[in-house]
Every structure is written in structure tokens, then in C-alpha cells.
Amino acid sequence: MSVGRSDRLVSPAQATVWGLGQIVAAEYPQRWGGVVDLPETVDSRTVARLAGVLAGADGEDQVAVRGSGVFVKRLVRASVPEEAEGRASWRPRGSVLVTGGTGALGGHVARWLAGRGAEHLVLTSRRGMEAEGAAGLKAELEALGARVTVAACDTADREALAAVLDGIPAEFPLDAVVHTAGVLDDGVIDALTAGRAAGVLRPKVDAARNLHELTAGMDLSAFVLFSSVAATLGGPGQGSYAAGNAFLDALALQRRADGLPATSIAWGAWAGSGMAIDGDLEEHMRRGGMVPMNPELAICALQRALDVDDTFALVFDAAWERLAEELKGARPAPLLSELLKTAPSHASPVPSDPASAESAAAELRTSLEGLSSAKRQRSLRKLVRQHVAAVLEHTTPDSIESDRSFRELGFDSLTAVQLRNALGAITGLDLPTTLVFDYPNLTALAAHLETSMFPQGGAVEQSDPEEDRIREALASVPLARLREAGLVDVLLELAHTSENVSEPAPQEGTNSALDAMDVDDLVQRALGGADL
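In this text, residue positions in the sequence shown follow full-length UniProt numbering: the first is 1, and each later residue adds one.
I should point out that these hints are in silico values taken from the structure, not numbers from a laboratory.
Watch out, some of these pointers could steer you wrong.
Unchecked claim - With a cut-off of at most 20 Å between alpha-carbon atoms, the simulated SDA-like pairs for lysine to any residue come out as follows:
no., residue 1, residue 2
1, LYS138, GLU159
2, LYS73, ARG8
3, LYS341, LEU314
4, LYS382, SER367
5, LYS382, HIS394
6, LYS375, MET453
7, LYS341, ALA319
8, LYS375, ALA362
9, LYS341, ARG111
10, LYS382, GLU369
11, LYS73, GLU338
12, LYS73, GLU60
13, LYS382, SER452
14, LYS138, HIS108
15, LYS382, THR451
16, LYS73, GLY4
Unchecked claim - Restraint-style ranges between C-beta atoms, simulated for each label pair:
no., residue 1, residue 2, range
17, SER359, ASP309, 39 to 49 Å
18, ALA216, ALA55, 40 to 50 Å
19, SER405, ASP430, 20 to 30 Å
20, GLY167, ASP58, 51 to 61 Å
21, GLY67, LEU144, 52 to 62 Å
22, ASP43, HIS394, 48 to 58 Å
All values derive from a computational prediction rather than experimental measurement.
For each residue, glycine too, the CB sits at the ideal point set by N, CA and C.
Taking the hints into account, I'd like the entire structure generated from these sequences.
What follows is the structure, given as C-alpha cells:
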């Protein structure tokens, strides 16, 4: 990290730890302590300040310790610096290299560059002209007046990239680089392997390093790195991606310190495609408050960043109310404290800081302590059902069936982490990221929570007035209507009186379904299936 112009960033590779840390914070909020950046030379003052940071209780989780002081990281709204006022708008000249140039994101950039007057566009991708849509894009750009070269090149291969650069004609010298290439391979940290990480880091880290080193002696007007909000804001399931993009942000700082042009933009998702998002990931982002941007708006932001000569900018579209809830939900977010001051307030069902989380967990435990094991599980089923509905954005918790598997409900590794975080915060338990796969339905999960919170067993069964009232209501339903709804077998089996009634035997599997039902489930099924 760099805390100012005089604090030169030495090793961008170390920033990958910082980026990965943001994902650890999202996936393990109850274990997260923070990340601390130390200077290259550590003296006694630095050690003393580090001790103070580690002993502190101010909630700061992104800290840089220097001999001159302790610095914390904050995001603030962008403004136009005074020195940028009156500066001419950036325009490309000569050749511009766009990595990932035949992809959806690279295509938007290439069209913008051609429209701004770029004389020669060099678009690289692994498949070159064999890439889907490459021929059409080339023709479109040529119609805009640009000369276009589409090259099949793995930019992480230094020799292959050098050959592309050597092939740029002398009459159109390289003027700018825009590195848009990237690969997503989502998965929680527990599922990361060296191979999966390398597949994501190679087109980000290795390619950017090659671009930096091979163009260092050229007279460039812009060197643009397409980073991601994941490296700054985190998010479950993007460990490798966040690490790779944190490298890009740090590389931009290092280049600036060396007097070279550099702008790293941490993008949110672009609508339609771009940033390699698919429908499922886009839906996850919407739930978390990130709204995919109109590409035209994103291009305007790119132009603005180059016009004011930003080194780093974070650009995303947000539903602020939902984003504030998401970011405040599982852990404190001092990084965003300035931004969230202007966000609409919204009550979150998940405690927003450790003290309130402990209080909520204690309150829940107290409310359950006097109940039997069966009633505790019933209460916990209601709790889990509410949070499952919230994570999956169901309009009502009643739509969540107790015996239906989480996979069938639509859970994946990302929503699994979201549910784990919410339940961990409200119960005070340290829960695994594989929670919904280890306990595959609402009933099994509630039972696990109950035994984890109360390993010594339950209390003496007590009368429940609400349950008595519900039983009386069920007893008032005419038998004919229950038979029409197909519920007689279920009710009789639940009451353990089937041997005294001449009704068809329960079908195979009824017992397991009954074990998964509570009174609320029974009422929901009765009222939902009968025309009373």
C-alpha cells in the first residue's frame, strides 16, 4: 500500500494478500481481524505503533503503519482536482492495445476508442479472429475509420506479447494500453486450489506485469487497468479474482511513483455482459445492492478518469439502501463510513457491529433457554426460514418448505456464505461455509443450531398457549374438508392415532415428511391445499 506520494509502493505482488483479505472478511466475518501494511524498513516507532493497532478496539480493519503515523483506508466520493480543471480531454493517437479486445467489455472500449479518433486498434484475445463476434467487431471499427489488427495472443506469455508489440507499425506508435482481460472462477476460499487460483491470476497479474515491463520505455499517454470492486469491497466466492485485481491497483500506484502513466479502475458489473458475469452472478450482485451499469455510463466514467488523470477510481452503480444493509450486515465497514453517511438508512435484520451481535445472540439464547428441545428447534426453524427467504429474496418465508433441500431452493456457494454469515451473527456460533451442504434442509439445519447452542439437552416440556390455540383451530375443521384436501393421513399420523381410524395407510416417505413438519408447517399445508 502507499499512503502518499513520498511513500513509494515497492511490491505490488504483496497487495494480493490485501485483496484476498477482503474476501476472507466476507466469508469469515466473525474471525476477521483485519490487514496491516508495514513499511519496507521497520523501526522501533513502527513496532510501537503496530502494537497499538493490534491492541486497539476501534474497529479499523485496513491499516497502514508507518514511522510517521498510522493510516486507515477510506473511500470518498470522487471530485475533480483543481489541477485538472481546464485540462484538455484525453484522446488516443497512434495505436492503442486492448487486451481481451474481442470480448464484450473490450468491444465497448474499442468502439469508444475508434469514436475518439484512435488511428490503429490492436485487439488481443486467446482466439483472435476465431473468437465469437470478432469479424463483425473488426468491420464495425473499420467503418468508424480505425485501422484494426486482431491478434491471437495470450498476454500472460511474455514472448507472445512482445511479438504483438513488435508488430505495431512505426507510423502508428503505441500510445495507450487498456488491459480488460480477465477470468472469473467463483468459489469460496475453502474450495480454492493452487490450480484454480493460477487460472484467475495469470491473465490478471502475469499479463499486467508483462504489459508494464514491455512498455516501460515507450512514450504512452495512458496505461489503463480494468480492476474490480471485489478487490476493494470484497464479496464471498471471489478470492482469486480479488487478489489479482488488488495487484492491478497496486501496480498503478507503483507506475505513478516511477513517473509512468497509470489508471486502475475498480469496476462494478457492466450490464449485458462484460466483466464475465452470467445471469446467476448478476442476480447475486443485485441482491447485494450492486446494480449492473449501463455500458455507456461506464465509458463516460472511463473518459472522466483519464481526463482528470486519476491513479485509482472505483466505479459502480448501487442501490444504496440495499448495499448499506449488505455491507453493514456481517461486520463493521469503516472503509465505507464516509460513503454510507449519505446512503439511506435501513434497518438490517443482522447486527451491524460486534457488540450488538453479541447482544442479539445472547437475547436469542435467553429466549430459547426455557424451552424444550422440540420447541427450541421449532423457533429456530422459524428463524432459519426467515433468513433463507431473505437471502433468496422470497416475498414471504411461508414459501420455504422445511423438508426441501437447500440445493432445490436455489442455494449455491455464494448464497450459502450469505446465509452462514447471517445465522452466525444472530446465533453467535462459528459456522462453516459448507453449512447448507452439511445440513441440507431447514429442519436439519435448525436441529444442528439447537444442539450447537444447547449441547447439554433441553428443558422440561411446557404448555404452549399458541400451540393449544392452533390445535383448537385445527380441531374445528370439518373432517370432510380435511379428507378432500388429502390431509387426514398426515394429521392422524402426527397425532399417533392412525391405528384407531379406518383410513388408508400412509404412503412411503410420510414419516420423514412428518418429522420435518412443525405446527406452522401443518397449518400452512392445510390452509394452502384446502378450500375452507
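Structure-based check of each hint:
{"no.": "1", "hint": "LYS138 / GLU159", "result": "violated, 25 Å"}
{"no.": "2", "hint": "LYS73 / ARG8", "result": "holds, 17 Å"}
{"no.": "3", "hint": "LYS341 / LEU314", "result": "holds, 18 Å"}
{"no.": "4", "hint": "LYS382 / SER367", "result": "holds, 14 Å"}
{"no.": "5", "hint": "LYS382 / HIS394", "result": "holds, 15 Å"}
{"no.": "6", "hint": "LYS375 / MET453", "result": "holds, 14 Å"}
{"no.": "7", "hint": "LYS341 / ALA319", "result": "holds, 14 Å"}
{"no.": "8", "hint": "LYS375 / ALA362", "result": "holds, 18 Å"}
{"no.": "9", "hint": "LYS341 / ARG111", "result": "violated, 37 Å"}
{"no.": "10", "hint": "LYS382 / GLU369", "result": "holds, 16 Å"}
{"no.": "11", "hint": "LYS73 / GLU338", "result": "holds, 11 Å"}
{"no.": "12", "hint": "LYS73 / GLU60", "result": "holds, 9 Å"}
{"no.": "13", "hint": "LYS382 / SER452", "result": "holds, 17 Å"}
{"no.": "14", "hint": "LYS138 / HIS108", "result": "holds, 12 Å"}
{"no.": "15", "hint": "LYS382 / THR451", "result": "holds, 16 Å"}
{"no.": "16", "hint": "LYS73 / GLY4", "result": "holds, 12 Å"}
{"no.": "17", "hint": "SER359 / ASP309: 39 to 49 Å", "result": "holds, 48 Å"}
{"no.": "18", "hint": "ALA216 / ALA55: 40 to 50 Å", "result": "holds, 43 Å"}
{"no.": "19", "hint": "SER405 / ASP430: 20 to 30 Å", "result": "holds, 24 Å"}
{"no.": "20", "hint": "GLY167 / ASP58: 51 to 61 Å", "result": "holds, 55 Å"}
{"no.": "21", "hint": "GLY67 / LEU144: 52 to 62 Å", "result": "holds, 53 Å"}
{"no.": "22", "hint": "ASP43 / HIS394: 48 to 58 Å", "result": "holds, 56 Å"}
When the structure is compared with the earlier hints, violations turn up for hints 1, 9 and for no others.
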